[in-house]
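A.B. asks: First to last, the sequence lines map onto chains L and Y. Heads up, the first sequence is in UniProt numbering, so the first residue is 1 and it goes up one at a time. Heads up, the second sequence is in UniProt numbering, so the first residue is 1 and it goes up one at a time.
Read the hints as simulated data drawn from the structure, not as lab findings. Errors might be hidden in some of the hints.
What follows is a list of derived Cβ distance ranges for each label pair [unchecked claim]:
| # | chain 1 | residue 1 | chain 2 | residue 2 | range |
| --- | --- | --- | --- | --- | --- |
| 1 | Y | Thr271 | L | Ala282 | 23 to 31 Å |
| 2 | L | Asn130 | Y | Ala47 | 30 to 38 Å |
| 3 | Y | Pro287 | L | Glu280 | 48 to 56 Å |
| 4 | L | Gly350 | Y | Glu127 | 50 to 58 Å |
| 5 | Y | Arg326 | L | Ala135 | 14 to 22 Å |
| 6 | L | Asn130 | Y | Ala122 | 57 to 65 Å |
| 7 | L | Ala47 | Y | Ser295 | 40 to 48 Å |
| 8 | Y | Ala56 | L | Ala282 | 50 to 58 Å |
Owing to the predicted nature of the structure, the values given are computational and were not obtained by experimental measurement. All C-beta atoms in this analysis are idealised placements derived from N, C-alpha and C, irrespective of residue type, glycine included.
Number of protein chains: 2
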Amino acid sequence: MTRQPIALAAALALAFPVSAQEPSEGAPSPNEIVAEASAEEWVVVSADDLLVMTLAPGADGKERKVTIQLMSEPFSQGWVENIRMLARAGWYDGISINRVQDNYVVQWGDPNYDNPEADGTAKPLPESLNAVPEAAYTVDGDAIALSVKLADSERDLALERGEALAGTDETTGIILANGLVDSYSQAALFDNGWPLATDAGDATEGEPATVWPVHCYGMVGVGRNYSPDTGSGAELYTVIGHAPRHLDRNIALVGRIVEGMEHLSSLPRGTGDLGFYTAEEADKRTPILSIRVASDLPQAERPAFEYLSTEGETFARYADARANRRDPFFIVPAGGADICNIPVPVRRVGG
Amino acid sequence: MTRQPIALAAALALAFPVSAQEPSEGAPSPNEIVAEASAEEWVVVSADDLLVMTLAPGADGKERKVTIQLMSEPFSQGWVENIRMLARAGWYDGISINRVQDNYVVQWGDPNYDNPEADGTAKPLPESLNAVPEAAYTVDGDAIALSVKLADSERDLALERGEALAGTDETTGIILANGLVDSYSQAALFDNGWPLATDAGDATEGEPATVWPVHCYGMVGVGRNYSPDTGSGAELYTVIGHAPRHLDRNIALVGRIVEGMEHLSSLPRGTGDLGFYTAEEADKRTPILSIRVASDLPQAERPAFEYLSTEGETFARYADARANRRDPFFIVPAGGADICNIPVPVRRVGG
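Please put together the full structure from these sequences, using the hints given.
C.D. replies: Written as C-alpha cells, this is what we have:
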C-alpha cells in the first residue's frame, strides 16, 4: 500500500475495461519505474516512527485504521516527541474528528477544546509536554545533505530553471542545481524521504539557508492557536486538498499518512465555520478509539512500511517520469513537476 | 456559495470558539478583501454556461445538486458544445459516478462503457457530436489578453521571479511580467475568470505563445481513450486532490464545479484499478438523475452565479494576499503562490 495509489499508469484512460489495465507500451510509467527498484533502495520505517490511529467502524461496520509516519530528524522533533508521549499516555483515546473542510484539512482533537460549541471541559494535557518555539519550523540547511537528482531529460523545465540557482550552491551546501522550481521557495527538494523547500539563504548578507518540510496532500501538522503558540501535538490535521503551501513555516509538520487516507478524505464535510461540525451535526464527529506508537503494539498487530530512498537512482528516474510523462496516455510531457506531484513511494511490507 | 470556502481567514486557528470566528485584526485576509469588491467587479455567468447535475439523494435522503460553470471562449468550445448537446438530449440522465480515486479524480459516465466489468451494452452517442482535435487543447496567446496584476508587495517572490521572463513580453503580446512562477509552464496567469498557463512561445524561432487552462481542484475535464481520441464530453471528471497539472494539454478542460463539490469529493473511494468501483461495490455508484443546462430550467429552478473579475483591482489585491498572508494567524508570508492556490472567487446570487 502507498500513501496514495501509485497506479496512475493509464491515468484517465477510460475506454474498454481491458485497455485501462494493460501494461503500458513504450516508456515506463512512474509506477512501473518504482516497481523495478531493487530491495536495497527501500528504506524501513522504524516502528517508533509509525502511529496507528483506529477510528470507530464506519456505517458498514468495517474497521478503519490510519497509519501515520512521523517526521524524521532534524525536523519538528519537539512536537514528534510530544505526539509519542500523548499516544503512550492514552491521551488521544476517545477524542474525535471535529473538522472536515473541503479542499483543505481534516482535523482531530478534543471536541471540548477545538469546536465552536465546546463546553469548556477540555481534557488536561500532560505537564511534561515540550513547548516548542517557532524557530523549530525550519532547520539550517547544513543540517542535512539535499541530493535529489532528476535523470537527464530532453525537456525538463524544472531542471533548467533550477539550474539558474546553482550559483548559491557552494555557499549554502545545498545542491540547488537539482532543485525543483517552486512557487513558495527558492527550490523544492527531497531528503531522507521527505519533501522539503529552501530559501537558499543570502550569501551576500552571510545568511545561511534554511530548509523546511512542505504541506503536500496527506502531510500531518499540528493545530495551534495564534502566534507565539505553536501547538502541542494534541490537535492534529492532515491535508485533503491542493497543497496549502502558505502554511509552510507557519505550522509544524510532523508526518504523513501512509495508509488509510481514504478514511479521512472521504468524511462528510462540516457545515460550520472552517469546516467544523456544528452542534446539530455532532453525530458526524468520527470517534478515535486509540492512537498507538507501532513499537508499543504486539508484534502481530504491528504494521511495517518502507519508503523508496529519495537518494537512489530509481527515485531520480521516478521523479523525472513524473515531470515528463512519456507513457502511452500522454501527448505532451509537462517538462516539470510540483514537488507535491512527486509523492515519495511508500509501501506496506509483511502483509 | 463559492467553488470552495473562501472563509480561510482564521485558517487553522483552533483554540477557543470565539477567536476562530473573530474578524482578523490588522491586515485583511483574502476573503475580507473579496468581501470589499464593488458590485461592478462581479461578472455574471450566463445561464447557458451553467450545468446543474442532480445526483440521487444520499443516505440521509437529502437532495444533492452540483453546479458546473462551463469553460469560456476561446477554450475547449468544441467539447463544451457537445456537453450542452448531450445535456439537451437527456443523454446524461441515468448514468452514474463510476470512479473515485483518492487525491485524483471523481469521474462519471455510462457505467456500461467506463468500468472494468462493463457488459458492452454502452449507450449510443448522438451522431451530431463534434470530433475535436488535440490541437484544441491550447489556443494562440494572441487570442486573449492576459492581464493579472499582483499589487505591490514588500516580499513577492512570484512577482520578482516572473519579472525575469518579461523579455518575451513584446514578442508574444503576453504580460509575463505579471505571471506567476509555475512548475508546469513559463508562467501561470488569469484571464476572464480562468486559471491559465503559457509556454511563452519562442521568439527566436518565431513560434507564437500558446495558452491553456490548468487542472486545479474542482476543474472539470473530458475523459478520453488513447490519443488521437480526445473524448466527446460523455465522460467527465473533476479533480478532488492536488492539482494533477501533468494532465494539462493532455486532456480537455471544460469547466469547474462552482457549487456542491462536497457531494463529489466526499464519496467513498473505489477499490478497483484507478479508483473504479468494482462489480462487488456496484451499489456505491451514485446515480445521476439528470444534467441540465441552466438556461433550459424553469426560471424558479435556475441558479445564478457571478465570479470576481480577474482583471479588477480587487482580484489583484486578493491574489497578492493569497501569496503573502499577513492576517493574524500567519508568521511568515510565503512570498508567492501556486495558481491553484488562488481560486477565482465565485458566488451564488439571488438565493
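A.B. asks: Please go over all the hints and tell whether each is borne out by the structure.
C.D. replies: Each hint, compared with the structure:
Between Thr271 of chain Y and Ala282 of chain L the C-beta distance comes to about 30 Å, which sits within the given range of 23 to 31 Å. Separation of Asn130 of chain L from Ala47 of chain Y is about 57 Å and departs from the stated range, judged on CB atoms against 30 to 38 Å. A hinted range of 48 to 56 Å for the beta carbons of Pro287 of chain Y and Glu280 of chain L is inconsistent with their spacing of about 28 Å. About 55 Å separates the C-beta atoms of Gly350 of chain L and Glu127 of chain Y, a value consistent with the hinted range of 50 to 58 Å.
One distance hint, 14 to 22 Å for the beta-carbon pair Arg326 of chain Y and Ala135 of chain L, holds here, with the actual separation near 20 Å. Between Asn130 of chain L and Ala122 of chain Y the C-beta distance comes to about 60 Å, which sits within the given range of 57 to 65 Å. Between Ala47 of chain L and Ser295 of chain Y the beta carbon distance is about 60 Å. The supplied range of 40 to 48 Å is therefore violated. Remark: the range hint 50 to 58 Å for Ala56 of chain Y to Ala282 of chain L is contradicted by a beta-carbon distance near 26 Å.
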